[in-house]
Amino acid sequence: MFENNTVEIDHIPQYQEIEFSNLNNNYKKIVVLNSLITLLLGVGICAVLFFLIDEMEKLYVIIPLFLISVLLAVFPLLSYKKKKYAFRKHDVLFKKGLIFKATHISPYIRLQHVVIKQGWYAKKIGLATLVMYTAANNFSDISIPGLTLEDAERWKSYLMNRIQELNDESEEQL
Amino acid sequence: MMNQKNNYNFSELNKLDRKALFLVLGTTLWTVARAIWPILAIIIVKREMKSWYLFAVIGVVTILTFATKLINFFYFSYQIVDNELIIKKGWLSKSTTAVKLDKIHEVNLNQKFIHKLIGLYVVNVDTAGSSKTEIEINGIDFKKALALKDLLTTAEQDIVVSNEIVNDNIKFQHQNQSHENPIPKIKISLISLIKIGLTRNYLQTFGLMIAFSFQIIDQFQDFFYEDDASVYDDIFEASYNQYLGLVGVVLFFGLILFVVVFNLVRTLITYFNYQINLKDKHLTASYGLTDSHIISVPANKVQMFQFQQNYFQKLMDLFEIKIKQVESNEDNKKKKGLIIPGANYLELSNLFNVIFDKGLIDLKAGLKPHIRVLVIKSLILCVPVIVSLTIMYFTDSLHFSWIILPLFALVFLLIFLGYKNEKMVFKDDFIVLKSGIWDINTTYLPIDKIQKVSISQSYFQEKNQIGSLNLYTAAGIVTLYYYDFNILQKLTNEILYKIEKNKYSWM
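Residue numbers (UniProt numbering), protein chains in the order written: chain A, 1 to 174; chain B, 1 to 507.
Okay, chain A solo, but in the shape it has when bound (with noise of 0.2 angstroms):
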């Protein structure tokens, strides 16, 4: 299940040939109800402006600021579904993004140490992110979202004994 394909040198593995899994399923209620707050909030704040400002510009600032809450609100709830991941034997591979696709990879050699975060209401329905961290500053972790808490810990598990097994080839080696 988790082998790279056989090497050889003209043929190497290609990333954009494996198949990726995609999130639990209840990962959408954790979308929708981001989408909630993020929409009952920019409406709040129209509505706070609306009855406070008394002149007829206002509206220029209420509703660009209406329909940005709406877009941010409606675009998690589209992209969602285009987020994937995939383990290697070698690395991991987390895929997104609607309009600008992304596919970020890591070498599992590579990676400082992985943790397990959970939200309230992801705690509430079982759901954990798994978050991997390299040695490279700015925006370098690679965390997957929406993998069921046992998910989770059996990936972390699996990626603790990968890197202590590849770091002691890599020293072995030297």
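Simulated from the structure, these hints should not be mistaken for laboratory data.
Hints are supplied without guarantee of correctness; some may be wrong.
To be verified - Derived EDC-like pairs: lysine to aspartate or glutamate, alpha-carbon spacing no greater than 20 angstroms straight-line:
| # | chain 1 | residue 1 | chain 2 | residue 2 |
| --- | --- | --- | --- | --- |
| 1 | B | K498 | A | E172 |
| 2 | A | K83 | A | D141 |
| 3 | B | K103 | A | E171 |
| 4 | B | K503 | A | E165 |
| 5 | B | K103 | B | D448 |
| 6 | B | K501 | B | D428 |
| 7 | B | K501 | B | D429 |
| 8 | B | K503 | A | E171 |
| 9 | B | K100 | A | D168 |
| 10 | B | K322 | B | D357 |
| 11 | A | K95 | A | E19 |
| 12 | A | K82 | B | E462 |
| 13 | B | K364 | B | D317 |
| 14 | B | K498 | A | D168 |
| 15 | A | K83 | A | E17 |
| 16 | A | K117 | A | D151 |
| 17 | B | K88 | B | E134 |
| 18 | B | K501 | A | E171 |
| 19 | B | K103 | A | E172 |
| 20 | B | K103 | A | D168 |
| 21 | B | K503 | A | E172 |
| 22 | A | K96 | B | E462 |
| 23 | B | K427 | B | E500 |
| 24 | B | K501 | A | D168 |
| 25 | B | K490 | A | E19 |
| 26 | A | K89 | A | E169 |
| 27 | B | K498 | B | D448 |
| 28 | A | K83 | B | E462 |
| 29 | B | K279 | B | D102 |
| 30 | A | K95 | B | E462 |
As the list claims (entries may be wrong) - Stretch by stretch, here's where chain A covers chain B in the computed footprint (C-beta under 8 angstroms, at least three residues):
| # | segment |
| --- | --- |
| 31 | 448-456 |
| 32 | 464-474 |
| 33 | 487-499 |
A virtual CB, placed ideally from N, CA and C, is assigned to each residue, including glycine.
Given chain A, put chain B in place with the hints provided.
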């Protein structure tokens, strides 16, 4: 090695030098002065003597600061036991820091002006962790500091050497060739330094000056102007006088001259008497007029190799080299690594040779970004032009529109130059990226130092098969923006394959 260092026994507890008491006093006065100078300035400017107890408070603060620093001084000790550097600190709350010698990335000996006066050094030890684990030993005399530095850096060297013995037979012939005429030492003469000082960092200095002058103007405003009057009004008013043209020209050329001279002086003071040498795969650089620095970097921990050249420097065959190490997480202000302000091509290629055991790579067959990046940037440029033209149209000031056209042409030229200069090569386990508009930067990124890759393509780029690739390292990000997507995919696969197969450690 150890026998030579016999006169210093680092395995016992070592204290700071007695003379470092002066440092304690000096830093105390400096911290207090820095904290209270605004108050003093106000008193002097407003000529209001409040009362004596202000000075009493200042005195008490000074004594307290001095006392805490004094305690820190007496309870500070360092020793080396079992390949670990151990630092003990604190009187009531004690702390012990232990660092494995092979985790040390960089050892610096620094001298601020006050250190120079009493002849002591600060030893800074950088490790791969966060900046909290950085170690500072403030107050060692030169010989002891050097001995400590050698000990800290050679301990790890022993490991590397023993590793290399295995490969020695294979490498032997190769090494004979490549090390026939290495230049183990680069010295920058005063003349080269002047040349470099006259040609480097125009933009940076200019930005610095603008930030600086705003700060000065703000201070002015605080002291001398009431709330409603602005110092800017006065400046504008003055510049509307009839001498506007003349004053403008003088100011403009004065500014350029000032930037150049300021740059020159800054470069001379910072990099005076620059020397770098290579011993046992360790780069050691020493420089500085008022503050002295000695920096030691193990060659196998270099994360990125960069050199930079602008048009003037090209005429004089001078390069500015940056050897990048791991950046600390918390404050990016303190970039670790080494800068060599001026080296010629021979020195540059020798240095590269010694660090990576390979030659510089020819960029002629390099890849270029897709031509559409030029179109897109020009389109983006059109937005402010159209906006400003519309504003002019509606404010009846279209007769000023002649200013915009040359400006547009200039910016377009800069964009074009940027495109023309950009080139990328993937060869010999290096990603090489050349880019820049005026200062042309060439970055060599060894692929074993890459921590993460992210390859991306937007919906609009799909039709033309264009994309971008970000390479994340511990020393920063390298971005290949707007290249052929198929090539980038191939590149990604190859990079991953090499990292995962070689399993080299990145530090």
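Verification of the supplied hints:
1. Simply put, B/K498 and A/E172 have alpha-carbon atoms about 18 angstroms apart, close enough for the 20 angstroms limit, and the pair holds.
2. For the hint linking A/K83 to A/D141, the alpha-carbon distance of about 15 angstroms falls within 20 angstroms, and the restraint holds.
3. Between B/K103 and A/E171 the CA atoms are separated by roughly 14 angstroms; this keeps the pair inside 20 angstroms, and the hint holds.
4. Annotation: proposed proximity of B/K503 to A/E165 holds, straight-line Cα distance about 11 angstroms (limit 20 angstroms).
5. Proposed proximity of B/K103 and B/D448 is supported: the alpha carbons are some 18 angstroms apart, at most 20 angstroms.
6. Of the supplied pair hints, the one linking B/K501 and B/D428 holds, its CA atoms being roughly 15 angstroms apart against a limit of 20 angstroms.
7. Taking the CA atoms of B/K501 and B/D429, the gap is near 13 angstroms; set against the 20 angstroms cutoff, the hint holds.
8. At most 20 angstroms may separate the alpha-carbon atoms for a hinted pair to count; B/K503 and A/E171 meet this at roughly 9 angstroms.
9. For the hint linking B/K100 to A/D168, the alpha-carbon distance of about 18 angstroms falls within 20 angstroms, and the restraint holds.
10. This hinted pair checks out: B/K322 and B/D357 have alpha carbons roughly 18 angstroms apart, not beyond 20 angstroms.
11. For the given pair, A/K95 sits about 11 angstroms from A/E19 by alpha-carbon distance, which is consistent with the 20 angstroms threshold.
12. Taking the CA atoms of A/K82 and B/E462, the gap is about 16 angstroms. The hint holds against a cut of 20 angstroms.
13. The hinted pair formed by B/K364 and B/D317 meets the criterion: a straight-line CA distance of about 19 angstroms does not exceed 20 angstroms.
14. Of the pairs offered as hints, the one joining B/K498 and A/D168 holds, with about 18 angstroms between alpha carbons and a cut-off of 20 angstroms not exceeded.
15. Taking the CA atoms of A/K83 and A/E17, the gap is about 16 angstroms. The hint holds against a cut of 20 angstroms.
16. For the given pair, A/K117 sits about 13 angstroms from A/D151 by alpha-carbon distance, which is consistent with the 20 angstroms threshold.
17. A C-alpha spacing of about 13 angstroms is found between B/K88 and B/E134, which places the hinted pair at or below 20 angstroms, so the restraint holds.
18. Straight-line distance between C-alpha atoms of B/K501 and A/E171 comes to about 14 angstroms, which keeps the hinted pair within the 20 angstroms bound.
19. Simply put, B/K103 and A/E172 have alpha-carbon atoms about 18 angstroms apart, close enough for the 20 angstroms limit, and the pair holds.
20. Taking the CA atoms of B/K103 and A/D168, the gap is about 17 angstroms. The hint holds against a cut of 20 angstroms.
21. This hinted pair checks out: B/K503 and A/E172 have alpha carbons roughly 10 angstroms apart, not beyond 20 angstroms.
22. With a C-alpha separation of about 15 angstroms, the suggested pairing of A/K96 with B/E462 holds against the 20 angstroms cut-off.
23. The suggested pairing of B/K427 with B/E500 holds, with an alpha-carbon distance near 17 angstroms, which does not exceed 20 angstroms.
24. A distance of roughly 14 angstroms separates the Cα atoms of B/K501 and A/D168; the hinted pair therefore holds under the 20 angstroms criterion.
25. Pair hint B/K490 plus A/E19 holds up; C-alpha atoms about 18 angstroms apart against a cutoff of 20 angstroms.
26. Between A/K89 and A/E169 the CA atoms are separated by roughly 14 angstroms; this keeps the pair inside 20 angstroms, and the hint holds.
27. For the given pair, B/K498 sits about 8 angstroms from B/D448 by alpha-carbon distance, which is consistent with the 20 angstroms threshold.
28. The suggested pairing of A/K83 with B/E462 holds, with an alpha-carbon distance near 19 angstroms, which does not exceed 20 angstroms.
29. For the given pair, B/K279 sits about 17 angstroms from B/D102 by alpha-carbon distance, which is consistent with the 20 angstroms threshold.
30. A threshold of 20 angstroms between alpha carbons decides the hint, and for A/K95 with B/E462 the separation of about 16 angstroms falls inside it, so the pair holds.
31. Chain A is given as covering the segment 448-456 of chain B, and this holds because 7 residues of the stretch bring a CB closer than 8 angstroms to a CB of that chain, at least three being needed.
32. Remark: the segment 464-474 of chain B is confirmed as covered by chain A, as 3 of its residues place a Cβ nearer than 8 angstroms to a Cβ of that chain, reaching the required three.
33. Closer than 8 angstroms: that is the beta-carbon criterion, and the segment 487-499 of chain B has 7 residues meeting it against chain A, so the requirement of 3 holds.
The structure meets every hint from the earlier list without exception.
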